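Student: Given next are the chains, with one letter for each unit.
There are 2 protein chains.
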Amino acid sequence: MPIRLDDKEACFEQDFAALLSAKREVSEEVDRVAADIIAEVRADGDKAVTAFTSRFDGLDLTPERLRVSEAEIEAAIAACSPELLAALETARERIETYHLRQKPADSWSTDAIGVGSGWRWSAIEAVGLYVPGGTASYPSSVLMNAIPAKVAGVPRVVMVAPTPRGETNPLVLAAARLAGVDEVYRIGGAQAVAALAYGTKTIAPVAKIVGPGNAYVAAAKRRVFGQVGIDMIAGPSEVLVIADSTANPNWIAADLLAQAEHDASAQSILLTDDAGLAAEVEKAVIAQLATLPRAEIAGRSWKDFGAVILVSDLEGAIPLVDRLAPEHLEIMTADPERLSGMIRNAGAIFLGGHTPEAIGDYVGGPNHVLPTARSARFSSGLGVVDFMKRTSLLKCGPDALRALAPAATQLAEAEGLQAHGRSVTIRLNL
Amino acid sequence: MPIRLDDKEACFEQDFAALLSAKREVSEEVDRVAADIIAEVRADGDKAVTAFTSRFDGLDLTPERLRVSEAEIEAAIAACSPELLAALETARERIETYHLRQKPADSWSTDAIGVGSGWRWSAIEAVGLYVPGGTASYPSSVLMNAIPAKVAGVPRVVMVAPTPRGETNPLVLAAARLAGVDEVYRIGGAQAVAALAYGTKTIAPVAKIVGPGNAYVAAAKRRVFGQVGIDMIAGPSEVLVIADSTANPNWIAADLLAQAEHDASAQSILLTDDAGLAAEVEKAVIAQLATLPRAEIAGRSWKDFGAVILVSDLEGAIPLVDRLAPEHLEIMTADPERLSGMIRNAGAIFLGGHTPEAIGDYVGGPNHVLPTARSARFSSGLGVVDFMKRTSLLKCGPDALRALAPAATQLAEAEGLQAHGRSVTIRLNL
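Listed in order, the protein sequences are those of chains W and X. To convert, note that position 72 of the first sequence is 72 in the numbering used here; the numbers rise steadily by one, no gaps. To convert, note that position 200 of the second sequence is 200 in the numbering used here; the numbers rise steadily by one, no gaps.
Just chain W, with the same shape it has in the complex (with noise of 0.2 Å):
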């Protein structure tokens, strides 16, 4: 069963607290041995690279063979169905659109005294994608990662991708054509964020790794940061839905039990003001898992960590949802906007009964990456500004110079940085 919140009762709070810092991933001895893989293969290069691919994936490869090769994605586009294909450039086309809004602009101004200044974008020269194996092999992931990238215009995006055992999945190769994708190599792990964040003979460094991976994976782009920049370190998904009594109770099992069955430790989460409500979600959920194929891990990341929090005022409690700060965040209400515009903390906000969260997953356009673990407090989805980065610019001429000179040095004074002070005055020929 979930863990059930009231906020009549006197724990509340403690039990809310618990609930916000309960960890729903254990990472020990992960960022040891991720430390040694990338050691090694920053110091092997291909050679770490296909004995780590050997020994994780039982895949045994040369360094020839790390690239999958342009036939290999010809074959894989030809083993998919026209329907899938269609249903992935459907996705394609409106999450290109989307993003293209996002586009930044660069500006340039001269103020009153003449000092020009303003700042200009450029795309990060080359990307590193992560695509998980095995289950966690999203080509809506693929798509997800790529297409903000090629819309800020990198040059080059290199995906890896995993394949236990050589085994592959076309539809992920076919999104990666699709997507523009560059290069794609065939290796995951530890070892395929050290090779890209430090380059092998095989596989050019990247200057960004972005994307999803198990806790090594994890452990790694945190390693690596500074050396390459990263995205965040995700963690395990989540929603949380608000509804009120005019929302519908299959509807709700439905999205929480989609949510649930990413991952035992995913988290489904359910706020609303009608204990009715609660009640029919609670009931629902039993009867729709009896029909699931992934009925096992979706009941255990219910069981585990679904929760159904009670509250006498779904606008009272909006100081929990922030303090929650969703990844996903459903509202189902009489008014979802109106509630929507009072939250400040959730990655994604889907309104109304409509939009379960699986539209935006595959194909309602805004990105499926999105901040977990409560990380919406301070970060974003993904987006078109991930892949790119802001150059200052200033330009003065000699009077606009004179005129911003004695406040520049009197504080290069101030700070005991008399050079400073020095390269502005021996520009006035005082």
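Think of the hints as simulated: they come from the structure by calculation, not from any bench. If you're wondering where the values come from, they're calculated on a predicted model, not measured in any experiment. Glycine residues also receive a C-beta, built at the ideal position from the N, C-alpha and C atoms. There may be inaccurate statements among the hints.
[Claimed, not checked] Covered stretches of chain X, as calculated for chain W (at least 3 residues, CB under 8 Å):
1. 351-358
2. 379-392
3. 420-429
[Unchecked claim] Sample of chain X residues at the chain W side, in silico, Cβ under 7 Å:
4. E40
5. L85
6. A87
7. W251
Please build the complex by placing chain X on the supplied structure of chain W, with the hints as guidance.
Tutor: Just chain X now, with coordinates in the frame of chain W:
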């Protein structure tokens, strides 16, 4: 003497690669020490913070004395000269004006099939600002970190600044007040980072920590990343000056030394196509060093990390510039805009002979918190969006959902996520 490189010599590529990979900071034991300090602060809160402050800063505090009082801030402001306060206000106003241009826009639109999508920006709820103590305690850094946070709308900006043996810098407190900082604590090091990330009884936790610090601060920030957001891991500062024969060697020398005086591990590089200019700059550096108060530091930086790179052709050298990805780039050529437009990787560009970096450090307007150690390849200087996050929004009605359902359910099915598909079909009454 600085390193001298010449792209006409056979060993150039090797020497240039060595210049790129030269570590300017060691941090072996540092990470372990930072981890221990964080663990103690998490366990013991204020008690640990005061104990470390006593040990590292030679300052005995009680929890009540951690926070700098309003009266102390008022007294500090009264101790500053009116001229300095006016210079600070000039800086504040120019920095604010520049950063107001960076406020990002929300977006909402409805497409042809009736899907509404967009995003909304919101300010981070609480931000911690690390300000180094001792020689690196710069009021200008307070402005550069706090102003964009306040422009973003962050309701709670918390500053920590160590005061070794109780020595406060009045101008730092004045800058905090001017910039709108809400709380100031006289603590530093990894213990301050831990207190901001996890909170203590006295210091409420924040959601993001920004600002430069020593190796312990950097290691602590890396450790708490995930619990809170962080800005980049700052390394020693650096400048690259690109100059042709039109440039003034004395001005270049002054700028190289302004960088070098920061820190013995700062780096100043000149890249030019004019061997005569290079020689004159080297001579001018020696001459100007003689009269510099911080000659010892600047001299060591120039000797250990300075470099003069002679190239046959400035435009042809742009790939070298992009590999260096300098924090600060000064372009003193006949047509600086032309070169500027060709460069991908730089934190900030200063155009033309009358724009010394020092103007940008204080009063230009753009932020002086910039990506160091080649991280301009993948990251930007501090800006308003670093204090905000974007929530994506999606809304379907029944018809839009019906239109998107086939593609979404096919992809869900292909990914083996039947509950995802069901969360869509259950709403269609099929």
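Student: A separate judgement is required for each hint: does it hold in the structure or not?
Tutor: Structure-based check of all given hints:
no.	hint	in the structure
1	351-358	holds (count 8)
2	379-392	holds (count 9)
3	420-429	holds (count 7)
4	E40	violated (19 Å)
5	L85	violated (10 Å)
6	A87	holds (4 Å)
7	W251	holds (6 Å)
Violated hints, listed in ascending order, are 4, 5; each of the other numbered hints is respected by the structure.
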